[in-house]
Amino acid sequence: MTDFNTSKRLKNRYKAEKRFKIYSMSALIIGIMILVTLLSSITISAIPAFTQTSIGLDVQMDDDDIQQFRDDPNEVSWRSIQKSSLYELFPDVESRSQKKELNKILSTAGYIKIKDFYLKNPKLLDKKNTIYVTASDDVDLVLKKIIDVTLPENMRTVSDDQLEYISFLSEDNRIKKQISWKLFQNSDSREPELAGLKGGIIGTLLTMFVTLIISFPIGVLAAIYLEEIAPKNRITDIIEVNINNLAAVPSIVYGLLGLAVFLNYLNMPRSAPLVGGIVLALMTLPVIIIATRAALASIPPSIREAAYGVGASQMQVIIHHVVPLALPGILTGTIIGIARAAGETAPLLMIGMMAFIVDVPSKITDKATVLPAQIYMWANNPERSFEYLTSAAILILLLILIIMNLLAILLRRKYERRW
Amino acid sequence: MKDVGKLMKKKNKIVTNNVTVDYGDKRALHGIDLKIEEKEVTALIGPSGCGKSTFIRCLNRMNDLITGCKVEGSILIDGTDINLPDTDIVELRARIGMVFQKPNPFPKSIYDNVAYGPRIHGLADSKNELDNIVHKSLKRAGLWDEVHERLDASGLSLSGGQQQRLCIARAIAVNPDVLLMDEPCSALDPIATAVIEELINELKERYTIVIVTHSMQQAARLSEKTAYFHLGKMIEYDDTSNIFTNPKHEMTEAYISGRIG
Amino acid sequence: MTNHINSAFDDGLKDVNKQIAKLGALAETQLDNSLNALKDKNIKKFESIIERDKKLDQITEEISSSVFELLALWSPIAYDLRSLLVADRIGAILERVGDYSKNIARRSQVIVTEEEFDRLPVNILGLGAHVQGLLHQVLDAYMELDIEKAMKIWESDVETDRLYLSIFKETLQVMTEDSDNIKMMTHLIFMSKNLERIGDYTTSIAKQTYFLIEGKVPETKRPKAMTTF
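Protein chains in written order, with my numbering: chain A, 1 to 419; chain B, 1 to 261; chain C, 1 to 229.
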């Protein structure tokens, strides 16, 4: 017998095998490291979005205000209460311009916290209370030393006076930072400390809903027809080629279609999840058709033969046997298609969902925006505070996509059947 | 010892006349004339590609499922030509059951496997009746004792031989007259094969059985009549004992004895 | 017939055929030798014929065991099955033919020493030659698979019977006329009976040959010349 393994060959072979393993493992590690770096940098810069800085004011309501509150809390001039409470802390501030500066330290809607406090604790109306009011985003930036205080005053967003006020409040322990869920509770705002994603999230969900109920039934049924019922001839070949091509069309083309047909010709409401949903459905349709066809084709013919052999009609074979077995593949393809649509921006740009919309949409014909659009708009905002909001929004979008993919995996696991 | 039943003349269950099958422009069967008697086992033997599977699939119009396949000639079952275009294929396939080479139970429970056919054909009016049909079919297929305590287990959890018996139960649940079996034992071990052969011996008292087999010995053990196919033609068709002791055609002798044709 | 695809089976069958041919040649030789030895009163030859019979027994045993093994391992059917069954049966027949030749030699040993031997009226050698012819022809028919030759043997048993009957009658007559030679005559009767049995066996071999070729036994009843006497 020939001697295949002289010890030198053996050693070289072992070394080569080891090298191969190391190379492939390194590739994996590099990939993971890139991913981890990206994710952690986004996460770290998103943290401030989940905190809120507040400033403690000593508030004492006078009797008129208390009476007014008892009649109708909304009629109380909370703003002036807030202002007077703030001025009390700084008795030296007298000039109007200085007072204006002082006021800017608080958020424009900070007074709402005072109202909320008394609504929650009406028994404390006549007492003097320290109520924490939302601070302006500049306070946070100063405390985090993000604002460069060495720059001359006219190159900063914060004046010297304001810096003094802030440090005074800080030494007086009146500045509090807490975890807040305002990101999920508020809709968009020009003020970064008040801006939230509620509108964007609901808009995304509504749009996804429309996309799903249009693309899923049409896509699955079309795929069933093409795969199971239609005769295999030139015409169906051409259709198949075209569907594959449609799946690769740049998404902005669908947006142009939406603009031309749905908005201009059919006069559907602009910026609405209805139109956005239809446009994205058109984009997702080829994906669902292809995934469904692949799932149907992967069912072995022995299942169909067994059903035909027992005297089932074509419809019965498809509905009772083929589709249930193809369901994991169909669902996975659908969810992946929808998840892809959830991250689309360009087509929605064309139909106007990139607007600044403050109200949270309640039905599919309301004006709305979607998360990717929201991210884009916040990213373009020059104010520094919008940076962490953008990162937070990216995290939320990623989270939604991960949830959808997990759903796909769970559904696949649940309905997976061997054959 | 010949039993009295055989001495009485049996009628022909299936009569084919000049059956020809083309796949596109390739001819797979050349004018097959065959008479299959009722309530006995007829075996079809021949080398690969000789057309025996194609022929058996003509009998329940399964060749319709293959695009480009054309079947001509008349196929009379109980005197009615089922190869006419107006035949109700769904009903035909309930009268003519089929068992395939690789056991292919539905990925459903054992109960649902057997109950599926009766359900879609409306053979049971109540759950009780359906239960009866399932019980009877599983018993006739020799599977009841082994599975009656786990009827809701998946059909795929059974062994190969049990799965094939489940497929047989499924086929007989719709009360057919004829059972077509396309190499039913080729995927099974010898013991499972023997069990199925014993089952076929019992089933032939009720059903007309046509079986395609690669095993000469199996055809010899099971069938009353044997037909030898070669390259799409039927070379010889006779009582099994004649075919295996003294065949008339050289080609038959060569094939069954493993000689160079 | 063409060869089997699996040539190992053909090898097995060839071996059996060779053994049968050997056995057939030996049986013919034994018969020839015993008749010649009787004619020439060659006492030495008688011993060697009797000894030789063991070889026939051995070959028959080998044939039987080869056939058995081939049947078990190859499950032959149709022609192959018939050829093995027939080989086994003919092997057994030829062994008995050999036994009869041995018996003739044994009895010859006894009677050639008798004084009256040279004045033997009985034409036992004629019967012997006839039967030899039959044996040779039928073995040819079997080896060549010649069905016409085989059928001729099947029908010519009549002649054997006739020859035997005449010897039998004559022997009886001599015994009643002259009671001194009863011992020799009795042996002669047995010896001619042996030859007649050998003739019978050749028709068996013919029948087996027919069965091998046609797949069924011949239908016409074999013509016989006597019932009994």
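Warning: the hint list may mix true and false statements.
Over 10 Å on every C-beta distance to chain A, these chain B residues come out as not near it, computed from the model [unchecked claim]:
| no. | residue |
| --- | --- |
| 1 | Y23 |
| 2 | N60 |
| 3 | D86 |
| 4 | E91 |
| 5 | R93 |
| 6 | N104 |
| 7 | E149 |
| 8 | R170 |
| 9 | D189 |
| 10 | P190 |
| 11 | M216 |
The calculated lysine-lysine pairs, modelled on BS3-like cross-linking and capped at a C-alpha distance of 27 Å, are [unchecked claim]:
| no. | chain 1 | residue 1 | chain 2 | residue 2 |
| --- | --- | --- | --- | --- |
| 12 | C | K193 | C | K183 |
| 13 | B | K248 | A | K232 |
| 14 | A | K15 | A | K104 |
| 15 | B | K248 | C | K22 |
| 16 | C | K207 | B | K248 |
| 17 | A | K198 | A | K367 |
| 18 | A | K232 | B | K108 |
| 19 | A | K414 | B | K108 |
| 20 | B | K248 | C | K149 |
| 21 | C | K14 | B | K248 |
| 22 | B | K248 | C | K152 |
| 23 | C | K149 | C | K22 |
Facing chain C, a subset of chain B residues (Cβ under 7 Å, in silico) [stated by the list, open to error]:
| no. | residue |
| --- | --- |
| 24 | V71 |
| 25 | L76 |
| 26 | G258 |
Since the hints were made in silico from the structure, they are not lab data. From the three backbone atoms N, C-alpha and C, an ideal C-beta is built for every residue, glycine too.
Evaluated hints:
no. : hint              : result
1   : Y23               : 14 Å, holds
2   : N60               : 7 Å, violated
3   : D86               : 16 Å, holds
4   : E91               : 7 Å, violated
5   : R93               : 4 Å, violated
6   : N104              : 4 Å, violated
7   : E149              : 23 Å, holds
8   : R170              : 6 Å, violated
9   : D189              : 20 Å, holds
10  : P190              : 24 Å, holds
11  : M216              : 26 Å, holds
12  : K193/C <-> K183/C : 16 Å, holds
13  : K248/B <-> K232/A : 45 Å, violated
14  : K15/A <-> K104/A  : 69 Å, violated
15  : K248/B <-> K22/C  : 32 Å, violated
16  : K207/C <-> K248/B : 20 Å, holds
17  : K198/A <-> K367/A : 14 Å, holds
18  : K232/A <-> K108/B : 30 Å, violated
19  : K414/A <-> K108/B : 15 Å, holds
20  : K248/B <-> K149/C : 23 Å, holds
21  : K14/C <-> K248/B  : 24 Å, holds
22  : K248/B <-> K152/C : 25 Å, holds
23  : K149/C <-> K22/C  : 21 Å, holds
24  : V71               : 33 Å, violated
25  : L76               : 32 Å, violated
26  : G258              : 5 Å, holds
Going down the numbered hints, you'll see the structure goes against 2, 4, 5, 6, 8, 13, 14, 15, 18, 24 and 25, while the others check out.
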